[in-house]
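Protein chains: 4
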Amino acid sequence: MTHHLCLDDLERAAREVLPGEIWDFLAGGSGTEASLEANRAALERIFVIPRVLREVAESTTEAEVLGRRAALPMAVAPVAYQRLFHPEGELAAARAARDAGVPYTICTLSSVPLEEIAAVGGRPWFQLYWLRDEKRSLELVRRAEDAGCEAIVFTVDVPWMGRRLRDMRNGFALPESVTAANFDAGTAAHSRAGGQSAVAEHTAREFAPATWESVEAVRAQTDLPVVLKGILAVEDATRAVDAGVAGIVVSNHGGRQLDGAVPGLEMLGEIAATVSGGCEVLLDGGIRSGGDILKAAALGASSVLIGRPVMWGLAAAGEQGARQVLDLLAEELRNALGLAGCDSMGAARRLGTRAPGYDPRTARRS
Amino acid sequence: MTHHLCLDDLERAAREVLPGEIWDFLAGGSGTEASLEANRAALERIFVIPRVLREVAESTTEAEVLGRRAALPMAVAPVAYQRLFHPEGELAAARAARDAGVPYTICTLSSVPLEEIAAVGGRPWFQLYWLRDEKRSLELVRRAEDAGCEAIVFTVDVPWMGRRLRDMRNGFALPESVTAANFDAGTAAHSRAGGQSAVAEHTAREFAPATWESVEAVRAQTDLPVVLKGILAVEDATRAVDAGVAGIVVSNHGGRQLDGAVPGLEMLGEIAATVSGGCEVLLDGGIRSGGDILKAAALGASSVLIGRPVMWGLAAAGEQGARQVLDLLAEELRNALGLAGCDSMGAARRLGTRAPGYDPRTARRS
Amino acid sequence: MTHHLCLDDLERAAREVLPGEIWDFLAGGSGTEASLEANRAALERIFVIPRVLREVAESTTEAEVLGRRAALPMAVAPVAYQRLFHPEGELAAARAARDAGVPYTICTLSSVPLEEIAAVGGRPWFQLYWLRDEKRSLELVRRAEDAGCEAIVFTVDVPWMGRRLRDMRNGFALPESVTAANFDAGTAAHSRAGGQSAVAEHTAREFAPATWESVEAVRAQTDLPVVLKGILAVEDATRAVDAGVAGIVVSNHGGRQLDGAVPGLEMLGEIAATVSGGCEVLLDGGIRSGGDILKAAALGASSVLIGRPVMWGLAAAGEQGARQVLDLLAEELRNALGLAGCDSMGAARRLGTRAPGYDPRTARRS
Amino acid sequence: MTHHLCLDDLERAAREVLPGEIWDFLAGGSGTEASLEANRAALERIFVIPRVLREVAESTTEAEVLGRRAALPMAVAPVAYQRLFHPEGELAAARAARDAGVPYTICTLSSVPLEEIAAVGGRPWFQLYWLRDEKRSLELVRRAEDAGCEAIVFTVDVPWMGRRLRDMRNGFALPESVTAANFDAGTAAHSRAGGQSAVAEHTAREFAPATWESVEAVRAQTDLPVVLKGILAVEDATRAVDAGVAGIVVSNHGGRQLDGAVPGLEMLGEIAATVSGGCEVLLDGGIRSGGDILKAAALGASSVLIGRPVMWGLAAAGEQGARQVLDLLAEELRNALGLAGCDSMGAARRLGTRAPGYDPRTARRS
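Chains as they are written, first to last, in the numbering used here: chain A, 1 to 366; chain B, 367 to 732; chain C, 733 to 1098; chain D, 1099 to 1464.
Incorrect hints may appear among the rest.
Here are a few chain A residues that face chain B, going by a calculated C-beta distance under 10 Å [unchecked claim]:
#	residue
1	M168
2	E213
3	V215
4	Q257
Please keep in mind that the hints were generated in silico from the structure rather than gathered at the bench.
All C-beta atoms, glycine included, are put in the ideal place defined by N, C-alpha and C.
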């Protein structure tokens, strides 16, 4: 295998191997892709103030993720239809996550039935989209729980899909071999039409806007910890805590929903300060290195979700590639923690940060 | 018809079909075009903080526009000489607006007589430039009212024209077939001279600086609601309310008047907070998507004017193209409202915003 | 003559006609040219908040410049060796200034004797560099006064010359035909040496650092108003007022002295507020349009100095070209004043401004 | 010799003469090189407010550096394996520093034994990396003291090496002729492996994370002044003062350790204000001109370390080239001091600064 030294290397490898329209499906955002780009810009704008001369020889990348120790402060984010990227799809990715010691989030729109993915072992989570029929939604939750999933990651920022222009231009549709495996056979997103995305059409047919009552319904259905993914407003974070969730994912859905939505990182500090331990605060969007995880921690995240990069690895080299992504993140994070004088993610959360545009004479640590 | 997925697609289509000097007349700004570019930059700098899990299934793009329900929170902005862009000119654009359920602003410098445009129906407004002869100005107001116009949009930022260098370089003059149809035959802007814009020359001959007394005179002439277009200073917004106008358009005239004038969006929040319901606050300048309308709302606008994009549609495909622009904006806005957790423009106005350059740890919601 | 519509057009024309090393001498800054570029960036960062519906039909570009009415709020800045740019050099430029109704600043390093330039008439000023021999310095002042100069512009930011790398790389030296005409024949800057600028060598031989005592000596020598050119610190502005000067020029010497010196525009508002009428506050550096003059006024300048652009006109078309530059500035300023709702520079100084990077919801007028 | 007019000229010269992988070893940073670039960006963002008309004829570049007068406010920074850049390596660089009157920092990883370098004379300092065996670390300190070094510069930001991707991609290893001359023969970094840096491997084998106890141990071992290099957090600066060090170097290790670490310059003002004379505060990272030294002084540094530029000179022209770099810095600093109205570095530290992004009307001097 080639020597991939950073996730960008794997991005290039994936781009070479994937057909253009599948690359676009993975990489694209909505509208002008302003929020997609802003996710990276927000990370690049932040600088960390490292500490020195502290005991780091025994530093660890282990961290609590939804109340359980994980090898890394991360989980694999939900990404739909992973068999688009590699024939083994979700199974390969889940095995890589299991072996790396991090949770793997099974998608409502997985291309392998959730039970088969959960059977891989490790720490499966289940991502829930709210369906037009509440009963079918709760049935998915029940199936996930029965299959051994440890948590329900409820996506709350998709009342409907954002306008993903790349898919629309490509008239993107799933190949016959890839289906929404948790759904009935008849609902696949295979039809192709000019200026339309078959995936978006399918979503529009199947999904319905969730509400806070939907959250109640899920909580009533299961004792699994519930995580709300897609929170950006402080008020919504507060309400989530009041609703008794175990965690929130501060996220703009990788720039794929509201074009113009603020990057999660911009809201993270404020949300973490407000939530103040009421639930776990995860970050999602644009994390591309262990150093990025350090930045997220310094701004208040206890862990992060990693989506596209794991798919790059999957596309480039299947299970082994996905594992390589997680290994690189581990190596980078281990390196970064020590360089920042931190023996753990807990210490990382106490680091200071600076953003450019400051007059260093007047800027004060908050 | 090609699948245009966003307004930029139609801009490209219009640019291909229009002669260079007509494109320049439409697209250009004054001087270095700093204010023209700043309008877009101001929008791109703003990010919205979406809300989640709220009832959006029944969300609507309908909104009050000058006190009456419109299908969209917008009106077509005044643009001179629309027959430059398509043989049917203002008639085609007005029909598209009528069918889309939004007001259409007839120009003082329309290339079809105002009465003919108003006869298209829908909700015609009339844009007024102040002429050297006050009586002729008021005569235009009277004609507009007689023709069924619902409002007078008084342009207050053109004591004279800005230096639009593209037109000057092109020695831009109207073709014989396009005239200022509301004026006497002898006043057309057809003569061509090096380093001069015939349109600017014509304007200099015909127009005079309006004053607050002119506003009084218009208000005395008609009972129609009066909107002042071109307000940027908070003090002027306050005075406009005191003068009893129904609305103001916060605008730098699409970057075509004072080069270096602040973008309307930069002043919008402050003006909306100061006006505080004393009149409707509209925004103008650079709106290119439904997401942009959402941003304008979040900063305090109740609705917006859309100018150049409607002309792109007109140039690309006549009435059908203009309609396509309005349909796209409707579809984008509908999508964006839901993704932001808003059931209406009223909810959108309560959204928070962030601008880059913040330290997310110290930034506080205003 | 070609239709030059803005000063940038004349810059291009001058660049075409001037030999490379003379262009570099005129256009270059010191070091990395960071301060040179920052002068323009500072102007481009500022936006003006125009007012509307005010009486502007009778607006005037006339303004007080050093206590006397001038046709424009400007003077021609001191630029050395103007015969480098055109055979008629300072004489042509001074005639253009005279005819445009603005003061012209004769240089210590003029290539025509100061008396000949002053004989052109209009409003000559004299720029003073402090020489190694104080008596020779004061002798220059006496000569200027005798020749009819109206003011002494004392350059205070040249204890020695900045490192102008373009001149050093070019081994720049004056052609035999161009000399420091106010000096003895033996002091010309004609010798050429690798990695050296003959002009810099000459300056190093002749000049000495001025001090506040030098200002006293000049004031004791003459009753002419004294202007200190090159002030950037508020403390120095205050001290200048205490020293009884008639004006200060807030300036970083066109980015030609300390590379890394703050642009004058960045300090202007603070200095103007502190000086508060104690003396006239002029701005220098990067003004390229009438709109730029408006910005300078809005930030507190009563008038500006224009240097390089007048030389562009001179190079492109001699006296006529220089005049064209001043005419363009007049036309642009007249246009801009009205578009900003100002009947005069006095009104312009009360305009508000905004700089990008603001959250428009929280920004407040100062 | 060519006329090098600024350090960038020497950078180009070095880049031409050095093999690609050696250039990369010198020039590169860690990870995405964000911190490397940010060092320069931070300097470029700062502008100085010069003073005028003050006595500068007798201005001096001399300054206290670690309590002793030096010809310039700087020392040559530690750079490993200088024989990579020129056969005479550290000896040539140390001679240049000696002749220029500035301290030279001998590296733990010098390619000439420290005793030989110290024998060059001048003011040798010794840079210490903490080794796995504390006794060997202290043995290095003892050797340095015995050899006549004047200070111990303890690098505190290398618990382990940053991920320098260029070296890893190049599989960078030392040529046989270059070794870690202060170490036993067996520890050289010569083996080459794909995706690995032999230098990093060597470092990982030899070094161990230092702690505050290591500082105590060094202080107990020697009476030489101890400088901690690599401080960025205010808390660590305070602790360093409490630990009795003679100085700290505010530094992100030239962007070679934590990618994403804040530039030293961004923290400098705050640290200098907090330390408030408790020890000397030096700056390191990105200094490329005398003007940059002025900026560092204005933000609170008493002196700076210069690393890569001296190596450029060394690579381009050996001892003479290294000397040229120091001479250029001296000439630039002398020039800049006077242009800023400063007779010494002490005066420079009282200069005001501005950073772009300010509204000049509201910005206030700190």
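| Which hints from the list above does the structure break, by number from lowest to highest? | Hints that this structure does not satisfy do not exist here, as all of them hold.
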